[in-house]
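Protein chains in written order, with the numbering used here: chain A, 83 to 729; chain B, 511 to 708; chain C, 180 to 484.
Hints listed in this document are in silico derivations from the structure and should not be mistaken for laboratory results.
Don't take every hint at face value.
To be verified - Once the Cα atoms are required to be at most 25 Å apart in a straight line, the calculated SDA-like pairs of lysine to any residue come out as:
no.: 1; chain 1: A; residue 1: K645; chain 2: A; residue 2: A630
no.: 2; chain 1: B; residue 1: K512; chain 2: A; residue 2: S705
no.: 3; chain 1: A; residue 1: K292; chain 2: B; residue 2: T586
no.: 4; chain 1: B; residue 1: K512; chain 2: A; residue 2: H660
no.: 5; chain 1: A; residue 1: K392; chain 2: C; residue 2: V270
no.: 6; chain 1: A; residue 1: K302; chain 2: B; residue 2: E525
no.: 7; chain 1: C; residue 1: K252; chain 2: A; residue 2: D612
no.: 8; chain 1: C; residue 1: K393; chain 2: A; residue 2: P94
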Amino acid sequence: MDFFDRFAVPHPSVAIYASMAAIGLTVIAVIAGITYFKKWGYLWREWLTTVDHKRIGIMYLLSALLMLFRGGVDAIMMRAQLAVPENTLLDAQHYNEIFTTHGIVMILFMAMPFIMFFMNFVVPLQIGARDVAFPRLNALSFWLFFMGAMLFNISFVVGGSPDAGWTSYFPLAGNEFSTSVGTNYYMIAIQIAGIGTLMTGINFITTILKMRAPGMTLMKMPMFTWSALIANVIIVFAFPVLAVLLAMGTLDRQFGTQFFTMDNGGMDMLWANLFWVWGHPEVYILILPAFGIYSEIISTFARRNLYGYKSMVGSMVIISLLSFLVWAHHFFTMGQGALTNSIFSITTMAIAVPTGVKIFNWLLTLRKGKIVFTTPMLYSMLFIPLFTLGGVTGVMLAMSAADYQYHNTMFLVAHFHNVIIPGVVYAMLAGLHYYWPKMFGFMLNEKIGKWTAWLLSIGFVLAFMPMYASGLDGQARRMYTYSEAAGFGLLNMISFVGAAIMAIGFVLIVYNIYYSTRYESRDISNDPWDARTLEWSTHTPVPEYNFAILPEVRSNEALWDAKKNGHVLFKGEYEKIHMPNNSGIPFIMSCIFFVWGFSFIFSLWIPVIVTTLGIFGCMALRSFEQDHGRYISVKEIEETETNLRGA
Amino acid sequence: MKIDNSLPLEYGTEENSLKILGFWIFLGAEIMLFATLFATYFTLVNRTGSGPTGAEIFQITPVLFETILLLTSSFTVGLGIHAMRIGRQKAMIAFFSLTLLLGLAFLGVEIFEFYTYVHEGAGIQTSAFTSILLTTLGTHGAHVTLGFFWGLFIILQVKKRGLTPQTTNKAFIFSLYWHFLDVVWIFIFSFIYLKGMM
Amino acid sequence: MQKKKTKWVLYSVVITIFTFLTGCEPLLVLDPKGPQAERQASDILMSIGLMSFIVIVVFSLLIYMLVKYRASKQSADYEPPHIEGNIWVEVIMVGIPVIIVAFLSYVSVQSNYIVEAKPKGYEDTKPLVVYASSSDWKWHFSYPEEGIETVNYLYIPTDRALEFRLYTYGPITSFWIPQLGGQKYAMSDMVTTLHLAADDPGEFMGRNANFSGKGFAENTFNVTAMSQEDFDDWVKEVKETAKPITEKKFEELLEPGHLGQQTYTGTHLEFSPPPTGHNHSEESSESHETENQPDSHTGHEGMSH
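So that you can see chain A by itself, here it is in the shape it has in the complex (with noise of 0.2 Å):
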């Protein structure tokens, strides 16, 4: 039994339980659908086995809202706890649990999978090309990404989860004060997913570098693709110091290096300095493609171009260089000296600047605008002004002598908070909104659309609003919980009112996702909001091939281009399309990653060895395999594209 005891989980509760069989009955009940349905063929011919940059990015699509739920459920249980003083909701295990399962979730499988998902879907498109430079290394990045996420789930019901916070500082996070095997789930998990996110970074950088259409020139590329190609390039940079980062713990706590403990030379803060020289470029991965995604927004439905094409490109640069000086101000009260914090004070600060810029370009794309109230511009007009709050929250944070006080407490949780939610999250359901219709043929309902943006707002500045001020009050961030006399109770009960608005407001999506593909339309146009760039030219559905004929472009707004001015787009005659073959070794090589990065977390060695042996293996294989791709004829382009004008 001793092999067993290692598997359980080493705090159980009701709720723990409850989810083990709730896991359980679902994956059962799929399975058993599935194979009710007779669509396994169908699962691994159209899914499993897919190269194709759209159906990759829609998989990446449903695994983000699925993370988004798990995610949500972790918050609104925190704010439950901490709802009135002294609550025995949770116990501190369960609390830090959560609050460490809440941020990697959030930030590394729900933010950077709806990231992921624009750009596969929207970025070949957006370029006029027929798929990313390397389709099988795409599908195996998102295979990589979702065995990642899926391995580091299961932590809660087997073994128990990582409990060190999000950023899981040694010696906290070390064997001495983290017993569990959940810290090593952390290591792995992530490490599997990373892998995934690097090869993608390299993937996009080659498709966007290579692969844009005739006449495109970088200064004629859309502003999301400017946006992901700069995402991207962050991500070449910052992932390698991760995977770094994340060997050497995973060294100190499974093969005893000295790395990070607490003698023989070891390190704590080099952690720290490590995690956020990744971390902080890491949080403009994310919201860089998310200003890409407003720009697109913003100037569609002002009908005007983007205002200030240059100096939006000129801001993206300069901040993706900031984004690498400035990981000091994580830890301003290390006690480096007033010299160093100064020298990290001033460069954050600076970010601040063309920060400033893209805000004003976007109001100024707005002026003599003729502006269109749909969902995503709506959700686009709340990003702005409270985007602008969480700014300039950031700004007081970078002044490091009042950091000394803001710092680990409610103040720093508001701040963050307030720049992902109307930054980054606003930007995915402002463009989920948005691509919807190309991806599936029909819009989502405005209506509920837009009372479902109204609602998540109210509830954003509720529920984090008081953070602000329970924090300048003393209320230290990852308290499980707080006295009477703290008097922090008035405040974290209004704040957990708004969390729980803001999951109303995350049930309507889906519920509008219901309504929308029973009740919606489905006879609508391929350029439904009447938009600017080159993705709405294609047809709705998008064909495999994305165009019959690779467009020419002029101007950065290709399509307003042809619409207003009547350039001609696809020229010339069809030809026969190469188009890559599907393939199953991404998707069984990443089971195998699954398996090893289990093995490894339990330290089981010889499971450990014949799945790195069987990864090696896939890719001896395909190194020997010869696969050409194949064509598509002239005839089959013809029969589709009648069907799809037909249609």
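Place chains B and C on chain A using the hints.
Chains B and C alone, transformed into the frame defined by chain A:
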């Protein structure tokens, strides 16, 4: 498949040029990976705890051997690519095989070196310094090992399929990788060994 | 004078809003009781004021644009113009934020040197040195000059510079007394220094602000500030009544858990000295400029990418 004959074969198709650019970007990521290891090394180099310092365990002889072996192998892989460009398959295979043999010899000396360290009480668990030293060297060694098998597969493919756009592309990318490992080694040699021995 | 007046009007508005939100008690951080906390509170209020101005500008511009350029307000055939951008607009867009950031940077740098030095107004006093070390989930306060040690409570004299030397026997913690000044980390491999002072007698909340595991929420301590005479009396009383701290007793205290307030004579510094990797020697408490700079081999700045 369109082949552009004005370019070397390994660049000949669009897919090939994508792969070469992609690999250069990958090398950018690798530079960050080793840069992180070096930064950590410099941070921890004096934190030896109860363990030995670099000066106490570094020995010039095996390190010089390793350096000569790896530098030579970088030269031979270059000759292999030259042979490939002028279409001499046999010479190319010979040079690639020589490269891999030199790589194997490098690994042999490195394993001997590790064995000596552990024997002298400088195992990976001894101190922060030995942890990062062995992790940095080990990461480089793991890259060489991976490169060995990769190179082997490419030789087998060239043997079987001849010099096609695909095989030459793979061989060329492999040579980039191998040169990169050599550059990393030069940094390890200068900043870890020489600086540590001084 | 006029300018200063408007500034204080603005401050009091901000404070009133926050006070209202928390049910009439002033927020701890904005209710400073020592020079360091005062400097930080005034930085915070100043930046809130300046930032409110930016927020108001952005909000007004947004509302103006949304009201004026809505599609419903325009004729059906209105075609929005194509505008690329304008160099002067961009100069303003960059220039004003640069001026604001430059001003804030200036204040920030100045404050950095102030909070890292002996508290203003008490430069001439001989600082009281207290070693504050944390263990899961307690604070140990050693007064080496007085030769006493307390657990989970801190008595300090008013009108005198205080110099806390921080380190930990466990995970990283952060020593924080909001009303006296901001926090600083306590780490296991080095000693950090925090300069504070209390202007008036009173009781303050102190806590560990950095998450350190299961008992983190209750990892707090009480701070009592009193006149130097009362403080001396207290020290004398402790010396007469408390038991000495022994190595064995201290080992027991370090066991993870929560303890009430305790008092001992002697300090644990004699048998369990603070980490050697600390950044300054005993004598150098005057050279504040450099004392927190890590040694070259622990230099975090050296670890840039």
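Hints and how they fare:
1. A/K645 / A/A630: holds (19 Å)
2. B/K512 / A/S705: Holds: B/K512 and A/S705 sit about 22 Å apart, inside 25 Å.
3. A/K292 / B/T586: violated (31 Å)
4. B/K512 / A/H660: holds (11 Å)
5. A/K392 / C/V270: Holds, at roughly 13 Å.
6. A/K302 / B/E525: Holds - the C-alpha atoms of B/E525 and A/K302 are around 24 Å apart, at most 25 Å.
7. C/K252 / A/D612: holds (19 Å)
8. C/K393 / A/P94: holds (15 Å)
Consistency with the previously given hints fails for number 3 only.
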